[in-house]
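> Residue strings, one per chain:
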Amino acid sequence: MSELVLPGEQIHAQHVNLKLGPGLLQLSNVGQDGFIISTRAGELKHSANNSKWWIESNSRRYIPASQESVVGVVIARSGENWRVDIGSAHAANLDGLAFEGATKRNRPNLKVGSVLYARVSLAHKDMEPELECFDAQTRKAEGFGELKGGFLVRCSLKMSRLLLDPTHFLLPLLGSRFPLEAATGLNGRVWVNAKDTRHIIAISRCIEAVDPDGGGLDESGVKKLLGTMDI
Amino acid sequence: MPRPPSPSIPEKEFLFNALKQSLRLDGRQALEMRTPTLTFGPDLGWVECSLGKTRVIAQVDGKMVKPPPERPLEGLITIHSEISPMASTEYEPGRPSDEEVTMTRMLDKVIRRSDAVDKESLCIQAGQRVWHLRLTIHCLADAGNLLDCACLAGIVAFKHFRRPEVEVVGDEVTIHHPSERAPVPLSMHHTPFCLTFAYFPDTSTPPVLDPTHLEQRLSAGLLSVALNAQRELCVVQKAGGVPLDPDEILRVVDVAVIKAKELDKIVEERLKEDFAGRNIEVQ
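Quick mapping for you: the protein sequence lines, in order, are chains A and B.
Be aware that the first sequence starts at 1, since it is given in the UniProt record's numbering, and climbs by one per residue.
Be aware that the second sequence starts at 1, since it is given in the UniProt record's numbering, and climbs by one per residue.
In short, the hints are calculated from the structure, not lab data.
One should not assume that every hint holds.
Stated by the list, open to error - Residues on chain B that point at chain A, a partial pick, calculated with CB under 7 Å:
hint, residue
1, Ser8
2, Ile9
3, Glu11
4, Phe14
5, Ala18
6, Gln21
7, Leu25
8, Ala30
9, Pro201
Claimed, not checked - Each computed DMTMM-like pair below joins lysine to aspartate or glutamate, with the alpha-carbon atoms no more than 25 Å apart:
hint, chain 1, residue 1, chain 2, residue 2
10, B, Lys53, A, Glu68
11, B, Lys12, A, Asp85
12, A, Lys158, B, Asp26
13, B, Lys12, B, Glu32
As the list claims (entries may be wrong) - The following residues of chain A were derived to be distant from chain B, with all beta-carbon distances above 12 Å:
hint, residue
14, His12
15, Leu20
16, Asn29
17, His46
18, Ala48
19, Ser66
20, Ala123
21, Ala136
22, Arg154
23, Leu163
24, Asp165
25, Gly175
26, Ser176
27, Lys223
Glycine included, each C-beta is placed from N, C-alpha and C at the ideal position.
Using the sequences provided together with the hints, build the complete structure.
So this is what it looks like as structure tokens:
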């Protein structure tokens, strides 16, 4: 059950332990209980027991939020820090020591143009976002860091959320045909790698075809598309 | 936003590797063009052309003006094209980027200076009144090769446009409304099409036709050839980039001739389909 909402509409959500997800904001009025408005256009969704509410929308422009994993491209070096483009309005800052086991003498060797998988550690709307290349609790790499080789595919934000969903069909379907590696960023970028060039091209074309922006192909459509490719 | 960053190292290396094996990222052949889709609007002279995800709208309208004294017997054609940030985040409003300057100059050469439209037929009264046709190009989305898309949209818009019928009796000029007398097509000498080839730094990599956005950014040179279906060359433009042998250019022109014939067929079919569906004849 979902209704379409526009930005600025008031949402009637009541619960003892109310949690607001993306797209909802609580405004506080002096002397009254705050009321909740939507900040995006999309479908209003809530969990079964009405405690969690959020808005599902699609766009291509990434707005950084804390603790999200993103794929970034290094664009410049400023002193000890790296400036990384994650597709947001401002370039993000990555400390040169924010890697597992990095010390002043032992730094990772990044170049301008390297692709990274990082976690947004700080994101406020008026500041530049900051990134880290290790997991928050364990302080170990856990897959973050530089991504070598492969190819970068751009997609919409909804597609990257679908790719991160373990129940979505696309990556397991492709993985059953040939071995592949993929790192999905929530900023609409997916890094993919496979042994054969044709396989990487097939993954890229399938991601673009299944993207809701580009047609939203379903499983049988993808199987047909793979049949036409020479892999 | 400042200049967009250049493509990342994995994208660059992957593209060059794939092209060495003659594989393109969208599955096309090296010399295969994206099929253009032409959509005509309710007005005559409004056309939207899309090459894959690259989309351009062209619109022609005409009004009567007094001609300049040095050319009293010809009509006027002006082309207005501006790439707004709507096409891509790379373009800034107000400041023409390199691509925009190239596109404006090519559109001028291909459509105006190649005499595609017969300017003398636009004269109504010598020295007094001529038609001033204005072509406006809006770039909606840039997924590579905006230039070819814009040239195609522009020339098809001219072929689609119908001007009101004008009757001159002595000194009196009567413009007939489209509901009284059927509007008249423009008299065109020929239909030029523009085709762009992208060359890459490694000279063993063959050129590709109709580059996508990534291919265009990573190319080391672009060669644009404009010609019509009658094998007549209008423009050959190559601004800097990788040096090419004369044999290579001749080979490219041969490929362009075949593509121009295909494009001509597609355009003629679409125009015929559209006019069959319209009702511009007066009953």
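> Leucine 163 of chain A clear of chain B by more than 12 Å, beta carbon to beta carbon?
holds (18 Å)
> Per the stated criterion, does the least C-beta distance between alanine 136 of chain A and chain B lie above 12 Å, as a non-interface residue requires?
Label holds. Min Cβ-Cβ 26 Å, cutoff 12 Å.
> Checking a non-interface call: every C-beta of chain B should be farther than 12 Å from the C-beta of asparagine 29 of chain A. Is that right?
The assertion about asparagine 29 of chain A holds, with a minimum of 36 Å to chain B.
> Would the non-interface assignment of lysine 223 of chain A survive a Cβ cutoff of 12 Å against chain B?
It holds; lysine 223 of chain A is separated from chain B by about 16 Å at its closest Cβ, greater than 12 Å.
> Per the CB criterion, is glutamine 21 of chain B less than 7 Å away from chain A?
holds (6 Å)
> Need the status of pair lysine 12 of chain B, glutamate 32 of chain B: alpha-carbon distance at most 25 Å?
holds (21 Å)
> Decide, holds or violated, for the assertion that all CB atoms of chain B are farther than 12 Å from the CB of alanine 48 of chain A.
holds (39 Å)
> Let's test the interface hint: is any C-beta of chain A closer than 7 Å to that of proline 201 of chain B?
violated (15 Å)
> Mind verifying the non-interface call on serine 176 of chain A? Its CB should be farther than 12 Å from each CB in chain B.
Serine 176 of chain A is indeed farther than 12 Å from all Cβ atoms of chain B, at 21 Å.
> Hint validation: isoleucine 9 of chain B versus chain A, beta carbon distance must be below 7 Å. Holds or violated?
With a minimum Cβ separation of about 4 Å from chain A (threshold 7 Å), the hint on isoleucine 9 of chain B holds.
> Quick check on alanine 18 of chain B please, does its C-beta sit within 7 Å of some C-beta on chain A?
holds (5 Å)
> Taking the shortest Cβ-to-Cβ distance between serine 66 of chain A and chain B, state whether it exceeds 12 Å.
Correct as stated: the minimum Cβ-Cβ distance to chain B is 23 Å, above 12 Å.
Hint violations for this structure: numbers 8, 9, 10 and 22, all remaining hints satisfied.
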